[in-house]
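Protein chains: 2
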Amino acid sequence: MITEFATRRQNLFVQFIVLVLAVLSAGYAHAADPLPSWNDGAAKSAIIDFVTKVTTPGAPDFVPESERIAVFDNDGVLWPENPIPFQMAFAVDEAKRHAAEDPKIAADPMVKALLAGDYDKLMAGPHHEGLLQIINITHSGMTTDEFAKAVEAWIATAKHPRFDVLYDQLTYQPMQEVLAFMRANGFTTYIVSGGGADFMRVWSDRVYGIPPGQVVGSTARVKYELRDSGPVLVKTMDNLFVDDKAGKPAGIYQFIGKRPIAVFGNSDGDKEMLEYGTIANPRPSLGVIIRHTDGEREYQYDVNPKSSGTLVEALKDAPKRGWTVVSMKDDWKTVFAPK
Amino acid sequence: MITEFATRRQNLFVQFIVLVLAVLSAGYAHAADPLPSWNDGAAKSAIIDFVTKVTTPGAPDFVPESERIAVFDNDGVLWPENPIPFQMAFAVDEAKRHAAEDPKIAADPMVKALLAGDYDKLMAGPHHEGLLQIINITHSGMTTDEFAKAVEAWIATAKHPRFDVLYDQLTYQPMQEVLAFMRANGFTTYIVSGGGADFMRVWSDRVYGIPPGQVVGSTARVKYELRDSGPVLVKTMDNLFVDDKAGKPAGIYQFIGKRPIAVFGNSDGDKEMLEYGTIANPRPSLGVIIRHTDGEREYQYDVNPKSSGTLVEALKDAPKRGWTVVSMKDDWKTVFAPK
Numbered sequence: 001m002i003t004e005f006a007t008r009r010q011n012l013f014v015q016f017i018v019l020v021l022a023v024l025s026a027g028y029a030h031a032a033d034p035l036p037s038w039n040d041g042a043a044k045s046a047i048i049d050f051v052t053k054v055t056t057p058g059a060p061d062f063v064p065e066s067e068r069i070a071v072f073d074n075d076g077v078l079w080p081e082n083p084i085p086f087q088m089a090f091a092v093d094e095a096k097r098h099a100a101e102d103p104k105i106a107a108d109p110m111v112k113a114l115l116a117g118d119y120d121k122l123m124a125g126p127h128h129e130g131l132l133q134i135i136n137i138t139h140s141g142m143t144t145d146e147f148a149k150a151v152e153a154w155i156a157t158a159k160h161p162r163f164d165v166l167y168d169q170l171t172y173q174p175m176q177e178v179l180a181f182m183r184a185n186g187f188t189t190y191i192v193s194g195g196g197a198d199f200m201r202v203w204s205d206r207v208y209g210i211p212p213g214q215v216v217g218s219t220a221r222v223k224y225e226l227r228d229s230g231p232v233l234v235k236t237m238d239n240l241f242v243d244d245k246a247g248k249p250a251g252i253y254q255f256i257g258k259r260p261i262a263v264f265g266n267s268d269g270d271k272e273m274l275e276y277g278t279i280a281n282p283r284p285s286l287g288v289i290i291r292h293t294d295g296e297r298e299y300q301y302d303v304n305p306k307s308s309g310t311l312v313e314a315l316k317d318a319p320k321r322g323w324t325v326v327s328m329k330d331d332w333k334t335v336f337a338p339k
Numbered sequence: 001m002i003t004e005f006a007t008r009r010q011n012l013f014v015q016f017i018v019l020v021l022a023v024l025s026a027g028y029a030h031a032a033d034p035l036p037s038w039n040d041g042a043a044k045s046a047i048i049d050f051v052t053k054v055t056t057p058g059a060p061d062f063v064p065e066s067e068r069i070a071v072f073d074n075d076g077v078l079w080p081e082n083p084i085p086f087q088m089a090f091a092v093d094e095a096k097r098h099a100a101e102d103p104k105i106a107a108d109p110m111v112k113a114l115l116a117g118d119y120d121k122l123m124a125g126p127h128h129e130g131l132l133q134i135i136n137i138t139h140s141g142m143t144t145d146e147f148a149k150a151v152e153a154w155i156a157t158a159k160h161p162r163f164d165v166l167y168d169q170l171t172y173q174p175m176q177e178v179l180a181f182m183r184a185n186g187f188t189t190y191i192v193s194g195g196g197a198d199f200m201r202v203w204s205d206r207v208y209g210i211p212p213g214q215v216v217g218s219t220a221r222v223k224y225e226l227r228d229s230g231p232v233l234v235k236t237m238d239n240l241f242v243d244d245k246a247g248k249p250a251g252i253y254q255f256i257g258k259r260p261i262a263v264f265g266n267s268d269g270d271k272e273m274l275e276y277g278t279i280a281n282p283r284p285s286l287g288v289i290i291r292h293t294d295g296e297r298e299y300q301y302d303v304n305p306k307s308s309g310t311l312v313e314a315l316k317d318a319p320k321r322g323w324t325v326v327s328m329k330d331d332w333k334t335v336f337a338p339k
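Residue numbers (the numbering used here), protein chains in the order written: chain Y, 1 to 339; chain P, 1 to 339.
Honestly, I wouldn't trust all of these hints.
Chain Y is nowhere near these chain P residues, computed Cβ spacing over 12 angstroms in every case [to be verified]:
#1 Lys-53
#2 Ile-137
#3 Lys-223
#4 Pro-231
#5 Glu-272
Restricting the straight-line Cα-Cα distance to at most 30 angstroms, the calculated cross-link-like pairs of lysine-lysine (DSSO-like) are [said to hold, decoys possible]:
#6 Y:Lys-333 x Y:Lys-159
#7 P:Lys-329 x Y:Lys-258
#8 Y:Lys-245 x P:Lys-316
#9 P:Lys-339 x Y:Lys-223
#10 P:Lys-245 x Y:Lys-258
#11 Y:Lys-258 x P:Lys-223
#12 Y:Lys-245 x P:Lys-329
#13 Y:Lys-316 x P:Lys-320
#14 P:Lys-316 x Y:Lys-159
#15 P:Lys-258 x Y:Lys-149
#16 P:Lys-320 x Y:Lys-223
#17 P:Lys-223 x Y:Lys-223
Simulated from the structure, these hints should not be mistaken for lab results. Owing to the predicted nature of the structure, the values given are computational and were not obtained by experimental measurement. For every residue, glycine included, the Cβ atom is placed at its ideal position computed from N, Cα and C.
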């Protein structure tokens with residue numbers, strides 16, 4: 001009896017040790033470096049400190065999981081946007097493919113300009129009518145399934161002109177780590193991009209672990225038809241919603257329905273979304289701007305405000321808003337995720 | 001030593017029994033009646049059988065959790081839509097409140113008609129211009145926060161004219177059970193309603209356990225402004241998207257980004273959504289129509305195709321589409337969820 005009692009005490013002791021270890025290892029989930037591709041510095045600390053404080057139970061800045069909404073621009077934040085945004089490269093390749101298959105499309109003056117490399121003609125006019133026509137041809141008229149198949153085929157084969165790898169092999173490793181770190185800490189991660197939602201949703205889950213329903217992007221109406229083969233949705237360009245600038249907080253409100261507490265952007269197109277997340281938010285919040293300062297490993301366009309990803313106003317506002325500015329050159333140990 | 005060994009064996013035995021019980025109880029999660037407010041019959045069986053077959057690992061009809069998308073119309077499926085849709089009751093009450101506070105609104109001819117009970121005037125014209133004006137006054141011009149506060153205040157106080165309880169106390173208990181049953185089995189449940197998304201999102205989580213991001217409804221543009229008090233979104237009536245009829249599959253595609261495998265509707269407004277979920281869907285699917293057959297406990301409008309919730313075409317299609325038709329009178333033991 002006494003032996004049994006002693007053994008039970010021993011068992012209890014072992015159980016206690018296991019419990020202590022479990023608690024310790026849970027408490028130390030943050031201890032292993034969650035952002036190994038980031039150099040130590042203010043930017044890395046700002047992200048880790050923010051996640052730590054909103055996830056520490058009982059702390060004054062604690063935020064319940066359901067409200068841990070993090071939004072990320074895509075082009076220039078999760079992957080590059082040079083030499084042209086990747087969706088534009090898709091549109092160019094698709095226009096050529098359509099032209100080869102359909103003489104009527106080949107005869108379109110704007111497609112002709114594209115094939116002749118006359119980009120000035122495409123960009124002429126206040127609304128870049130030529131460019132819009134290329135987008136129209138490549139992004140409407142087909143069913144959503146046909147469009148998804150075209151995107152899948154393109155992203156499985158097309159290569160980036162400078163890095164000579166598939167486009168989806170050019171995601172930023174430091175940002176993949178931020179996505180994983182935030183999700184491991186109960187955040188829901190959303191893409192909020194000026195890019196087309198239908199374009200991104202095809203590969204967002206595979207490439208970023210972000211399912212279609214968490215991708216907010218530019219959209220246009222789709223038209224329902226019941227065909228002999230079954231129901232389809234046909235893409236149109238009607239009621240275009242451009243998820244950029246003031247459209248971003250609007251898109252967040254309508255698609256997510258909650259105010260974000262963490263916002264990652266890289267250009268003036270993200271300024272309103274950064275404001276929406278961080279100004280007069282009753283919860284603690286984090287605003288981060290990824291600045292493209294690394295011409296050697298990626299592209300340096302912080303100095304050229306006319307390039308894609310113009311960053312002038314948001315950068316000016318950063319100090320007064322308390323936004324963290326990340327220098328890709330200085331803050332990132334690695335740029336691209338390993339293949 | 002031997003005693004210790006025996007005790008360890010004993011401990012292992014206890015652990016084994018606990019494990020067996022855990023496995024058994026997991027396997028028997030379906031054994032307790034998940035839909036106690038449903039009378040036994042074809043409708044109840046159809047729902048339970050469907051959930052069982054898509055969640056049985058290794059079975060030919062197994063569907064992974066990420067694809068278990070269930071969509072529910074709201075008015076007439078999760079709560080009543082009589083004598084008028086509840087959001088319309090909100091609009092009427094709000095128009096009166098605005099009129100009492102603002103002489104300019106009180107002077108509006110359509111508000112005057114409303115206050116005088118002249119509903120014919122409101123409903124006149126091909127687009128019911130009077131009604132639209134009432135919706136305009138009560139659903140636009142304010143910030144999204146102001147609108148949410150107005151909805152909260154209304155739903156906390158306004159009472160249903162017949163049942164004399166708060167509107168959110170009139171949800172259907174059998175459907176609350178379906179929502180809970182499907183979620184317990186790895187489904188994500190969405191509202192897909194012709195009602196305003198902004199109206200429903202205020203209370204959908206509390207009332208149905210459906211968070212704002214899983215509510216698809218009619219929407220119009222919101223306009224971002226950075227005011228001295230902080231960022232706001234102002235409601236407009238621009239680019240109105242009506243999430244009804246062919247709009248429902250379009251809304252599902254744009255907001256959820258996945259095809260549903262379970263669709264619950266009650267009217268012809270749900271026909272296209274039922275088609276989208278169940279015709280030529282590569283996955284197994286379930287279509288359910290809730291038929292309002294119970295004038296005593298709720299409203300009987302299956303016989304009056306001109307009332308709210310017209311159900312003619314979808315009902316005609318039900319047999320050939322394999323949709324399950326639920327008779328509220330015969331299939332539901334209880335109608336309303338307990339207060």
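Each hint tested on the structure:
Taking the minimum C-beta to C-beta distance to chain Y, about 21 angstroms, the non-interface status of Lys-53 of chain P holds against the 12 angstroms cut. For Ile-137 of chain P, the requirement that its beta carbon stay farther than 12 angstroms from each beta carbon of chain Y is met, with the minimum near 21 angstroms. Not every Cβ of chain Y is farther than 12 angstroms from the Cβ of Lys-223 of chain P; the closest lies at roughly 7 angstroms, contradicting the non-interface assignment. A Cβ of chain Y approaches the Cβ of Pro-231 of chain P within 12 angstroms, the least distance being about 5 angstroms, so the stated non-interface status is violated.
Remark: the non-interface label on Glu-272 of chain P conflicts with the geometry, its nearest Cβ contact in chain Y lying 6 angstroms away (cut-off 12 angstroms). Proximity of Lys-333 of chain Y to Lys-159 of chain Y is assessed by CA-CA distance (about 24 angstroms); at most 30 angstroms being required, the pair is judged to hold. Pair hint Lys-329 of chain P plus Lys-258 of chain Y does not hold up; C-alpha atoms about 39 angstroms apart against a cutoff of 30 angstroms. With a C-alpha separation of about 47 angstroms, the suggested pairing of Lys-245 of chain Y with Lys-316 of chain P is violated against the 30 angstroms cut-off.
Taking the CA atoms of Lys-339 of chain P and Lys-223 of chain Y, the gap is about 41 angstroms. The hint is violated against a cut of 30 angstroms. The suggested pairing of Lys-245 of chain P with Lys-258 of chain Y holds, with an alpha-carbon distance near 27 angstroms, which does not exceed 30 angstroms. For the proposed pair Lys-258 of chain Y and Lys-223 of chain P, the alpha carbon gap of about 16 angstroms is at most 30 angstroms, so the pair holds. A C-alpha spacing of about 52 angstroms is found between Lys-245 of chain Y and Lys-329 of chain P, which places the hinted pair above 30 angstroms, so the restraint is violated.
Of the pairs offered as hints, the one joining Lys-316 of chain Y and Lys-320 of chain P is violated, with about 63 angstroms between alpha carbons and a cut-off of 30 angstroms exceeded. A C-alpha spacing of about 52 angstroms is found between Lys-316 of chain P and Lys-159 of chain Y, which places the hinted pair above 30 angstroms, so the restraint is violated. Note on Lys-258 of chain P and Lys-149 of chain Y: the hinted pairing holds, with a Cα-Cα distance of about 15 angstroms set against a maximum of 30 angstroms. With a C-alpha separation of about 24 angstroms, the suggested pairing of Lys-320 of chain P with Lys-223 of chain Y holds against the 30 angstroms cut-off.
A hinted pair counts as satisfied when its Cα atoms are at most 30 angstroms apart, and Lys-223 of chain P with Lys-223 of chain Y qualifies at roughly 25 angstroms.
Against the hints set out earlier in the document, violations occur for numbers 3, 4, 5, 7, 8, 9, 12, 13 and 14.
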